[in-house]
Each structure stands twice: as structure tokens, then as C-alpha cells.
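J.: Residue-level listing of the chains:
2 protein chains.
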Amino acid sequence: MKTLKELQERIQISFKQEALLEQAFTHASYVNENRSKGSKHYERLEFLGDAVLELTVSDYLFNRFPERPEGQLTKLRAACVCEGALVVYAKELNLSDYFRIGRGEENAGGRTRDALVADIFEAFIGAMYLSEGIDCVRSFLGKVIFPKIDDGTFEANNDYKTLLQEWLQKDGDISISYEILSENGPAHDKAFQVRLVVNGEPQSIGEGRTKKTAEQSAAQAALASYQSQEKNS
Amino acid sequence: MKTLKELQERIQISFKQEALLEQAFTHASYVNENRSKGSKHYERLEFLGDAVLELTVSDYLFNRFPERPEGQLTKLRAACVCEGALVVYAKELNLSDYFRIGRGEENAGGRTRDALVADIFEAFIGAMYLSEGIDCVRSFLGKVIFPKIDDGTFEANNDYKTLLQEWLQKDGDISISYEILSENGPAHDKAFQVRLVVNGEPQSIGEGRTKKTAEQSAAQAALASYQSQEKNS
Numbered sequence: 001m002k003t004l005k006e007l008q009e010r011i012q013i014s015f016k017q018e019a020l021l022e023q024a025f026t027h028a029s030y031v032n033e034n035r036s037k038g039s040k041h042y043e044r045l046e047f048l049g050d051a052v053l054e055l056t057v058s059d060y061l062f063n064r065f066p067e068r069p070e071g072q073l074t075k076l077r078a079a080c081v082c083e084g085a086l087v088v089y090a091k092e093l094n095l096s097d098y099f100r101i102g103r104g105e106e107n108a109g110g111r112t113r114d115a116l117v118a119d120i121f122e123a124f125i126g127a128m129y130l131s132e133g134i135d136c137v138r139s140f141l142g143k144v145i146f147p148k149i150d151d152g153t154f155e156a157n158n159d160y161k162t163l164l165q166e167w168l169q170k171d172g173d174i175s176i177s178y179e180i181l182s183e184n185g186p187a188h189d190k191a192f193q194v195r196l197v198v199n200g201e202p203q204s205i206g207e208g209r210t211k212k213t214a215e216q217s218a219a220q221a222a223l224a225s226y227q228s229q230e231k232n233s
Numbered sequence: 001m002k003t004l005k006e007l008q009e010r011i012q013i014s015f016k017q018e019a020l021l022e023q024a025f026t027h028a029s030y031v032n033e034n035r036s037k038g039s040k041h042y043e044r045l046e047f048l049g050d051a052v053l054e055l056t057v058s059d060y061l062f063n064r065f066p067e068r069p070e071g072q073l074t075k076l077r078a079a080c081v082c083e084g085a086l087v088v089y090a091k092e093l094n095l096s097d098y099f100r101i102g103r104g105e106e107n108a109g110g111r112t113r114d115a116l117v118a119d120i121f122e123a124f125i126g127a128m129y130l131s132e133g134i135d136c137v138r139s140f141l142g143k144v145i146f147p148k149i150d151d152g153t154f155e156a157n158n159d160y161k162t163l164l165q166e167w168l169q170k171d172g173d174i175s176i177s178y179e180i181l182s183e184n185g186p187a188h189d190k191a192f193q194v195r196l197v198v199n200g201e202p203q204s205i206g207e208g209r210t211k212k213t214a215e216q217s218a219a220q221a222a223l224a225s226y227q228s229q230e231k232n233s
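The listed protein sequences derive, respectively, from chains A and B.
Okay, so the first sequence: first residue is 1 according to UniProt numbering, each after it adds one.
Okay, so the second sequence: first residue is 1 according to UniProt numbering, each after it adds one.
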């Protein structure tokens with residue numbers, strides 16, 4: 001098992017309150033098996049870390065996407081802090097290597113169980129917030145989460161066809177259809193071209209190697225165009 | 001309708017970015033009916049305010065109740081930021097008086113609809129956070145929410161009998177019963193005394209004007225005693 005000193009050096013943050021860092025990496029099963037040590041487990045830090053993540057991510061999304069409506073921001077935030085995403089962050093940081101768990105939990109594979117790994121990430125953020133403050137958390141997430149937001153990692157969860165439909169239906173029912181304009185090339189290297197038609201009017205054209213990606217591309221282009229029109233109106 | 005100047009004087013906070021305050025009190029229906037004004041509606045601020053409330057309340061609970069386990073804190077936080085609670089805060093501050101909504105929404109009673117009133121409170125907090133910073137929000141909530149937490153307003157949602165049961169069952173199954181020791185007085189002024197018995201051992205005594213409040217009181221006393229034992233062990 002690696003030491004928390006090594007972790008702090010690696011992430012270049014030296015915790016003023018190292019006991020909190022230790023607590024963030026201690027599971028209740030370890031506390032129960034080592035009562036004489038009087039350790040604390042991470043659960044209360046996880047409670048706090050959850051809210052710290054919620055705010056720092058919300059704040060980033062709010063400023064990063066000044067034109068996106070609340071519904072899209074809410075979906076994107078959910079994708080950034082869902083268990084699956086937390087597991088990815090925790091694994092990239094190898095947080096499991098520092099986790100103190102009881103023997104029973106260890107034998108049951110607890111160290112790598114998704115729900116626990118996600119918990120450690122939240123507890124770790126909670127400890128960082130208490131020991132170093134929210135600006136330190138923000139700058140840390142600027143390495144761990146925000147670049148993924150910029151790269152569109154979480155947009156895959158956004159479906160432009162659905163987003164477009166939501167956008168257009170704000171003002172009531174509307175008819176949306178996609179027409180295939182062309183389909184070329186051999187089976188392993190197809191190229192599709194589709195046209196988006198809204199209430200009978202052609203709106204945009206999308207291209208892609210499958211019908212689906214071509215439709216998504218047409219929807220994304222139309223959405224961007226509507227949003228920029230609203231912005232400038 | 002009252003002016004936002006009046007609101008700022010009353011709460012003794014002068015917004016550096018008054019446009020944000022205005023946005024927090026503007027409904028989408030108003031924006032739609034007054035397109036030429038180019039106003040923005042509150043929804044994005046509500047997205048942000050929701051997360052600001054979550055963190056400031058979590059932080060307060062974390063420090064205020066250093067001995068409470070995560071599960072209890074999570075329940076208490078949910079009670080503090082649920083729609084019903086937000087409506088109470090908003091009404092105490094008369095926030096509806098400042099709300100700009102469209103005519104249709106006004107005629108439909110939107111100004112006093114709970115979901116909208118709760119939204120305004122969150123948007124108002126979002127605007128305060130952006131304009132004045134998190135410390136200002138914290139100090140504002142120190143007048144609006146935190147005293148209610150201290151007064152036990154949200155504890156009514158906590159049921160000590162259930163909390164005690166959860167606490168005791170951490171270490172496996174256990175038998176819990178309440179025995180009536182005495183029942184005195186006339187029908188309109190009863191006094192009950194009950195004894196809590198855990199695994200056959202008497203633990204605590206509670207008194208109350210109904211059997212239920214006497215049981216809650218016994219459970220609360222036992223819970224406090226167990227928690228302080230754990231703290232000192």
C-alpha cells in the first residue's frame with residue numbers, strides 16, 4: 001500500500017490537516033477491526049464532498065456555457081458527478097491504493113467496488129475542502145474534471161436529436177424529420193448525407209459514416225444555429 | 001409591486017450586480033411577453049443557487065453536528081432544502097412581491113404557486129452568490145435558515161424511534177420495546193411515563209402527554225447517551 005505522503009507529492013497539494021486526508025481513505029470496516037486505533041471513517045466527509053463537487057462543477061458549467069438553458073446544464077452536471085464518472089476520476093488518481101479497509105471487506109473485493117471507489121473520491125474532495133479551501137478544490141478539479149468537460153467527454157450523454165426536439169418544442173408542437181439525401185461508398189466505408197426538415201422547411205445538412213451520426217450532426221448544426229439566433233435577437 | 005431597492009435595504013445587502021438580482025426575479029413568461037426589453041429569466045440562476053444552498057447547508061450541518069452520522073445529516077439536509085422548506089424561507093422574505101411574471105401566468109396564480117416560489121428562492125441565492133460571494137450567502141442564511149436548524153425545526157422530520165433503531169441495528173438485529181410505566185391525569189391532561197428496553201435491558205425513561213411523545217422522548221435520551229458513549233470510547 002502506498003503512503004498518503006506519496007499521494008500529496010503526486011497531486012502537489014500538501015494537506016494542512018493530514019488527519020482529514022487519512023479519514024477520507026478509511027472505511028468503516030477498518031475502524032471496526034481496529035477499534036484501539038480510534039480512527040474515523042470517511043462517511044461524513046463523503047456527505048460534505050458530495051455538496052462541494054456539486055457546487056464547483058455547477059459553477060464551472062454555468063460560466064463555461066453561458067448560453068445553455070438550465071435543463072441542459074442539469075443533465076451535464078448529473079453526468080459529471082454520477083457514480084460512473086466519479087469512479088473514472090478515482091481510478092485515474094489510483095485512489096484505491098491508499099484505501100484502508102477491513103479484512104472482510106478486502107476479501108470481498110471492496111477495494112475495487114465501484115460504489116466504494118466513488119465514495120472515496122467524494123470523501124477526498126470533502127477533506128481537501130476542509131483542509132485547503134474551495135479554491136484549492138477548484139484548481140484541483142481544473143486538472144481532473146474540467147478538461148473532460150471541455151473535451152466533450154460528457155456530451156456523449158447528450159443526444160443532439162433529443163436536445164433539438166426539446167429546444168423546438170419549447171414553443172409548442174412541431175414536426176421534425178430527417179431525410180437521406182445520399183448514401184455512398186462500400187459497406188465498410190459508407191458516407192451518409194441527411195437533411196433535417198422542421199415543419200416542412202429544410203434546416204440543415206449532416207454527414208456521417210452511419211445514418212445515425214449524420215442525423216446527429218444535422219441536429220447539432222441546427223441547434224447551434226437556433227441558439228446563436230436567440231443569443232443575437 | 002415593491003422595488004428591488006426596497007428588498008436590498010430590508011435584507012441589508014446591496015447587490016454590486018443588480019442585473020443578476022433582477023434576473024432572479026424574472027419568470028420566462030415575463031420575458032416572452034416583453035421580448036423588446038431583452039430581459040433574462042431566472043432558470044440558470046436557479047441551477048446555480050440549488051448547488052450553493054446544498055453546500056452552505058451541508059457545511060453548516062457538518063460543523064454543527066460533529067457527532068451525527070452521514071445518514072442523519074443527509075436526511076436533515078434534504079429537509080432543509082426541500083420545496084416545502086424553500087417556500088417557507090421565500091414567504092418569510094416576501095419574495096413573491098418582487099416577482100415579474102407574464103399576464104397569463106399571473107392570472108393562473110403563478111405568483112404564489114409553491115414550485116415557482118421555491119424556484120425564486122434558489123435563483124435569489126444564485127444571484128447573491130455570483131454578485132456578493134459565498135460568504136455573504138452564508139451570513140444571509142445565518143439569519144434565514146441556520147436558526148431554524150438550531151431550533152430543531154427540521155428535526156420533526158426526524159423520528160427518534162427510527163433513528164435509535166437504525167443506530168442499534170448497525171451491529172445486527174436487536175430487540176427494542178417500550179413499556180408504559182404509568183399513565184396519570186384526566187383525559188385532557190394526561191401524563192405518560194414509558195421505559196425503553198433493549199435486548200431485555202432497561203435503557204431510558206421518557207415522559208410526555210401522549211404515549212407516542214413519551215416513547216420519542218425515551219428514544220431520544222437513549223440515542224444521545226449511546227452517541228456520547230461512542231464519542232468518548
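The hints are simulated quantities; they were obtained by calculation from the structure and are not laboratory data.
The beta-carbon is built from N, C-alpha and C at its ideal position, and this holds for glycine as well.
Among the clues, some could well be false.
Here are the simulated distance ranges between beta carbons [to be verified]:
(1) 8(B) - 32(A): 50 to 60 Å
(2) 190(A) - 169(B): 51 to 61 Å
(3) 211(B) - 4(A): 44 to 54 Å
(4) 65(B) - 207(A): 27 to 37 Å
Some residues of chain B that are not near chain A, with every Cβ distance over 12 Å (derived) [unchecked claim]:
(5) 67
(6) 77
(7) 97
(8) 114
(9) 126
A few chain B positions that, by computed beta-carbon distances, are all more than 10 Å from chain A [claimed, not checked]:
(10) 8
(11) 51
(12) 58
(13) 94
(14) 207
J.: Each of the hints needs a verdict: does it hold here or not?
T.: We went through each hint and held it up to the structure:
no.: 1; hint: 8(B) - 32(A): 50 to 60 Å; result: holds (53 Å)
no.: 2; hint: 190(A) - 169(B): 51 to 61 Å; result: holds (60 Å)
no.: 3; hint: 211(B) - 4(A): 44 to 54 Å; result: holds (52 Å)
no.: 4; hint: 65(B) - 207(A): 27 to 37 Å; result: violated (58 Å)
no.: 5; hint: 67; result: violated (10 Å)
no.: 6; hint: 77; result: violated (8 Å)
no.: 7; hint: 97; result: holds (24 Å)
no.: 8; hint: 114; result: holds (19 Å)
no.: 9; hint: 126; result: violated (8 Å)
no.: 10; hint: 8; result: holds (23 Å)
no.: 11; hint: 51; result: violated (4 Å)
no.: 12; hint: 58; result: violated (4 Å)
no.: 13; hint: 94; result: holds (25 Å)
no.: 14; hint: 207; result: holds (32 Å)
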